[in-house]
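*Asks:* Below, each chain spelled out in residue letters.
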Amino acid sequence: MTQYVSGLRGFPWGLLGIGLLFVLLLTSLVVMGNAAQDQARFEQLFLWLLVFHAAVLVVLGGLIVFQLVRMAIQYRRGVPGSRLTLRLVAVFMLVAVLPVSVVYYFSFKFLNEGVDSWFDVRVESALEDALELSRSSLDLRVRQLATETQELMAELEGIPEGLVPLALNDYRRQVGAQELTLVGSNNRIIASSTDSPIRRLPTPPDSDVLMRVRPEQPYSRLEPRADGSLIIRVVATTSSRRPGSENRILQGIYPVDPRMSALSLRVQDAFADYREFAYLRGPMIQGFVFTLSLALAISLMAALWAGLLVARRMVRPISDLVQGTRMVAQGDYSTRLAVQRADELGFLVQSFNTMTRTLNEARDEAERNRRLLDAERAYLESVLQHLRSGVLALDGSLRLRTANAAASEILECDLQGGRTRVMSELGADCPLVAQFFEAISDALVRQEEEWSRQVVVFTRTGRKVLMTRAVWLPTSGSGRGLHAIVFDDMTEFLKAQRDAAWGEVARRLAHEIKNPLTPIQLSAERLSRRLGKVLEGADREVLDRATGTIVQQVEAMKTLVNAFRDYAQAPQLERAAVNLNQLIRDVCELYRDQDGRSRVDVTLDPALPPIHGDAGRLRQLLHNLIKNALEAGADTDGMEVHVVTAYLDDPAGPHIELRVTDTGPGIKPEFLERIFEPYTTDKPRGTGLGLAVAQKIVEEHGGLIECHNAEPGRGGAVFRIRIPVEHGPVVHEESA
Amino acid sequence: MVARATARAWSCAAFCLLLAWAVPATAVEVRDANHLWLDEDTLLVRLDIDMRLPAVLEDALANGVTLEFEADARLERSRRVGRDTLAAETRRVQLQYFALNRYYVVNTVTDERMDLKPTLGDALDLVARRLGRLRLADLPPAVHAQSEELELAARLVLVYSALPLPLQLDAGLRGDLTTRQEWLRWPLGKY
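Listed in order, the protein sequences are those of chains A and B. Going by our numbering, the first residue of the first sequence is number 1001, and it counts up by one from there. Going by our numbering, the first residue of the second sequence is number 10, and it counts up by one from there.
Mixed in with the good hints, there may be bad ones.
[What the hints assert, rightly or not] If you want a taste of the chain A side facing chain B, the calculated C-beta under 8 angstroms gives, among others:
hint : residue
1    : V1115
2    : S1117
3    : W1118
4    : L1131
5    : S1134
6    : R1221
7    : E1223
8    : S1264
9    : A1272
10   : D1273
11   : R1275
12   : P1283
13   : M1284
14   : G1287
[To be verified] Quick list of the computed label-pair ranges, beta carbon to beta carbon:
hint : chain 1 : residue 1 : chain 2 : residue 2 : range
15   : B       : S156      : A       : G1061     : 38 to 44 angstroms
16   : B       : A64       : A       : N1247     : 51 to 57 angstroms
17   : B       : E49       : A       : T1203     : 30 to 36 angstroms
18   : A       : L1026     : B       : S156      : 54 to 60 angstroms
19   : B       : A64       : A       : G1061     : 32 to 38 angstroms
20   : A       : V1102     : B       : A64       : 37 to 43 angstroms
21   : B       : A64       : A       : N1112     : 21 to 27 angstroms
22   : B       : S156      : A       : V1058     : 44 to 50 angstroms
23   : A       : E1132     : B       : A64       : 34 to 40 angstroms
Calculated from the structure, these hints are not laboratory results. Where a beta carbon is used, it is the ideal one built from N, C-alpha and C, also for glycine.
Model the full structure from these sequences, guided by the hints.
*Replies:* Below you can see the structure in the form of C-alpha cells.
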C-alpha cells in the first residue's frame, strides 16, 4: 500500500520558520521602537539591527532562490502541482507587491517632504542671531577684561618685584579673576594668585598665545572648560621702560558669569545641533529610505517565501492526488493518501482513498471473474480440442471466432491460425472449407435458429460425409450473434455401416442361395444322365446344352456365393510369421507369362521383416490385387504389373509397404471413390468383390489400403498397402 | 568602559561586513612609524600621521559634527595562528568646532586635556601630535632578548561609531569615509 505522507513530512516546518522569522522581526521592531526613544541606545543597536535584517534578507533570498529553482525544475519536469504552485506564488507575489509598493511610494514621499518641513529658515536665522548675540555679549566682556588686564599690567610695572605677589592678590580680588599670573622671561613665573583654596601650579600661556601677544595689544579669547563652563583668558604685556629689564607677561583667567555661560553654551549647543541636524538631513533621509527599503524588501521576500510555502502546502494534497491518480491510471489501485486535513481537500483525499479502495475491490473481483472465465475457457478449449467432432464458431459477419483441432483435421485446413478471418477468405486457401462453407452458407445467411444437414465434400483421397448441426445465438459474440457449428466426419461410420449391411446380405445370400444350388445341379445332372439315354439327335443336343448351361450357371452361382461367403465370414486368422517377400515370389510365379501378353515384375526390399499374419489370407490378398490388375489390362498388350515392397519407419510406426501398380487404363474417377465397396467394378466379368475382400484382409491385419491413379503417362492404377510390423528390418535377406 | 569599546568595535566590524563592497578612501593614516626606548621597560612609539581630512569630514566638522580619532600601538609576538599582544596603548582625540568663539577644540580623551586652535590646520597638527606619541610601559625584561621575534604594530582609525548615525550610513554607503586602517607593523629590533 502506498503512503505518500510521512509523519515528519506533514509537520509544517515552513510555517514554523515563518513564525520564528515573524517573531524575530517583531522583536527587532520593538527593540528599535524602544531604542528610538534613546538616541544613544538607538545608535548602539541600529547597526546590530541592520546586520540582523541584512542577514534575514540574505537568508530569505537564499531560501527563495532555492525554492524558485526547485519549483522551476519541477515545472520543467512536469511534476504534478508545479503549475498550480507557480500560479499561486504569482498571485501571492502580486497581492504582496501592490500594497507594499503603495506604502513605499507614500513613505518615500513623506520622508522627502516631511523631513524638509522640519527645517525652517527663520529658526536657523534666530539661532544664528542668538549665537551672534551671545558672541557679542561675551566679546564685550572679553574686550573689557582685556583692557583691565592691560591697565593692571601697566600698574604692575611700577611695583617692586618683591611686592608683586601681594599686589597681584589685591588686583585679582578687585577684578574678580580666577587666576593672575605674572610670567617673566623663559616662562619664569614671577608671581601668581588664584581664587582656589587648593594650591595648584599656574598654567603659563602656551606658545601660540605668546606669539600673538604684542605690547599694548593684549591677547584675549573665550575658552570652554572640561566642566562645561566658560572662561576668558587674557594675556597682556608692556614694553620695558628700563633698559636691561626683562619683559613681563600678565595672564589673567576670568570666569564668565555662570548664567551667562550657561545661556551662551545652550545657544551654542542648540545652534550646533541644528546645523548638524540640517547638515545630516540628506544622509538621514537616505538612511530612512535605506531602512525603509530594507524593511520592504524583507516584507516582500517574507511574503514571497510565505507564498511559496503556503502554496506548496496548499498544493501538496492536490499534488498527492495527481500522483495518486497517475498511479491509479497505471493500475496501482493500492494507492492510499494520508488524510491530514479536515477541510475540503481532506474530504477530497478521503474520497480518493474510498474510490481507490472500491476500484481495488472491483479490480480484484474482475480479476477473479477473469480467472474463472479463463479457466472455463481453457476447460472449454480443452474439451473442444479433444472432441472428435469439428466445432466452429462464426460471428454474424461469418468471421471465424473459434475452431477446434478436429475441425482443422476434418476440413484439412489450419483453422486455428485463421481466426478472425472471414470464411470466404479461408475458403480461398482451403478447398474443403470452401466446399463446406458453400454447402452451409445459405443456412448461415438466413440465420436459421437450429438446423442440421449432411454435407459431402470431395478430397484427394475421396469424399467425406460431414454430419453438420448448427445453432444461431443472436445475443452472443459481442452482440453480433454467433453460429455454433458442430460437424462429424461420418465417412468411415457410413462405410462401416455399409460394409456391415453388405456382410449381412452376403451371409443371407450364401445361406439362402447356396443351399438350393446343389439339388439344382444334381437334378440337372440326373436329367442329363437319364434323358441322355433316351433322347437322341437334336433333342439330345438340346438336353445336353440345357443341362450344361444349368450346371455351368450353378457353378457360377456357387463361385459367387463362395465369394460372398469369403467376404462375409468373420475373420479367423491363423497368424504366424510370414515372409511377405517369399509369399509374393510364390504368387507372382503363378502369373508369370501366363498368357504371353502380360508380365508381372517384383521389386522386393531385402530388409523386409516378417509380419505376424495369416499366410493364406495374405496370399488371397496378393491374388486379388494381381488378378485385378491383370483383368484391368486384359485388353492391353504389354500389360505390366509391378509389385514392390519396402520397409518404412516413420512417425506412424514401423510398417511394410506393398505397392501394386499396373500399366493399364487406370480406374475411372466415378469408381475411385467406391472401389473397395462390394459390387463396384467396371469389368464385365468381375464379381465386384475382389477388392472388397482385399480391403477386408488388409484391415484384418491392422493395415490400410489406398488406391489412386498414377500420374498421366506413368501407368494405371496404384494400390498401396501398409501393414504394421512388430520387429525391425531383417538384415540378411536375399534380393529378389 | 572596556565593554562599551568592545561593543563599538564589534559594531564597526559588523557594519564593515555589511558594507564589504564599499572600498573606502583613506582619510587619515599612519604614513610611517618608529620607536625608541625611553628606559628599560618603556617604549615610545612615534607615528608619522597624515591628517588630511576628506571633504565630507571637513564639511561635517564645520557643521558641528565631532570627529574622534583613535591611535593604537601594540607589541606583539607572532604565533602560528594569530598573535599574542604583550603590551598595548590607545589614545583618543576628539576634534570639534566651537562656534561661540570660532575655535577648533582638540580634546584628548585619554588624559582629559583640551586645547583650542584658531584654524583647522593647527587643530589637525595638534591632533597628529597628540596621537603620534604612545608609550608602551611596564614591558617585561625578556622583551629585550626576544626583540627579533617581536613586532610593533600601530594604526590610526576614525572612530566610526562616534559619528552621527545618518553620516555613518551615508558615508559608509558612498564609500568616501575611512572606517579603519590596516595595522602598520615593524620589527622591534629594527630601531
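*Asks:* Hint by hint, note whether the structure agrees.
*Replies:* Comparing the hints with the structure gives:
Because the smallest distance between the Cβ of V1115 (chain A) and any Cβ of chain B comes to about 11 angstroms, over 8 angstroms, the interface hint for this residue is violated. The closest approach between the C-beta of S1117 (chain A) and any C-beta of chain B is roughly 17 angstroms, which is over the 8 angstroms cut-off, so the hint fails. A hinted interface residue such as W1118 (chain A) counts as satisfied when its beta carbon comes closer than 8 angstroms to some beta carbon of chain B; here the least separation is about 13 angstroms, so the hint is violated. The interface hint given for L1131 (chain A) holds, since its Cβ lies 6 angstroms from the closest Cβ of chain B, which is under the 8 angstroms cut-off.
About 6 angstroms separates the beta-carbon of S1134 (chain A) from the nearest beta-carbon of chain B, less than 8 angstroms, and the hint is met. Taking 8 angstroms as the C-beta contact cut-off toward chain B, the hint placing R1221 (chain A) at the interface holds, the least distance being around 6 angstroms. Taken as an interface hint, E1223 (chain A) checks out: its beta carbon lies about 6 angstroms from the nearest beta carbon of chain B, inside 8 angstroms. Hint status for S1264 (chain A) relative to chain B: holds, with the closest Cβ pair at about 6 angstroms, below 8 angstroms.
Given hint, A1272 (chain A) at the interface with chain B, holds; its Cβ is 4 angstroms from that chain's nearest Cβ, closer than 8 angstroms. Evaluation of the D1273 (chain A) hint against chain B yields a held restraint, the C-beta minimum of about 7 angstroms falling below 8 angstroms. Annotation: interface hint on R1275 (chain A) holds; nearest CB of chain B at approximately 5 angstroms, less than 8 angstroms. With its C-beta approaching chain B no nearer than about 3 angstroms, P1283 (chain A) sits inside the 8 angstroms limit, and its interface hint holds.
This hint holds: M1284 (chain A) has a C-beta 4 angstroms from the nearest C-beta of chain B, less than the 8 angstroms allowed. The criterion of a C-beta within 8 angstroms of any C-beta in chain B is met by G1287 (chain A), whose closest approach is roughly 4 angstroms, and the hint holds. A C-beta distance of roughly 51 angstroms is found between S156 (chain B) and G1061 (chain A), which places it outside the suggested range of 38 to 44 angstroms. At roughly 44 angstroms, the beta-carbon separation of A64 (chain B) and N1247 (chain A) lies outside the given 51 to 57 angstroms, and the hint is violated.
Look at E49 (chain B) against T1203 (chain A): about 32 angstroms separates their beta carbons, and that is inside 30 to 36 angstroms. Remark: the range hint 54 to 60 angstroms for L1026 (chain A) to S156 (chain B) is upheld by a beta-carbon distance near 57 angstroms. For the hinted restraint 32 to 38 angstroms between A64 (chain B) and G1061 (chain A), the CB-CB distance of approximately 35 angstroms keeps it satisfied. Remark: the range hint 37 to 43 angstroms for V1102 (chain A) to A64 (chain B) is upheld by a beta-carbon distance near 39 angstroms.
A C-beta distance of roughly 24 angstroms is found between A64 (chain B) and N1112 (chain A), which places it inside the suggested range of 21 to 27 angstroms. A C-beta distance of roughly 46 angstroms is found between S156 (chain B) and V1058 (chain A), which places it inside the suggested range of 44 to 50 angstroms. In this structure the hint that E1132 (chain A) and A64 (chain B) lie 34 to 40 angstroms apart at CB is violated, the actual value being about 27 angstroms.
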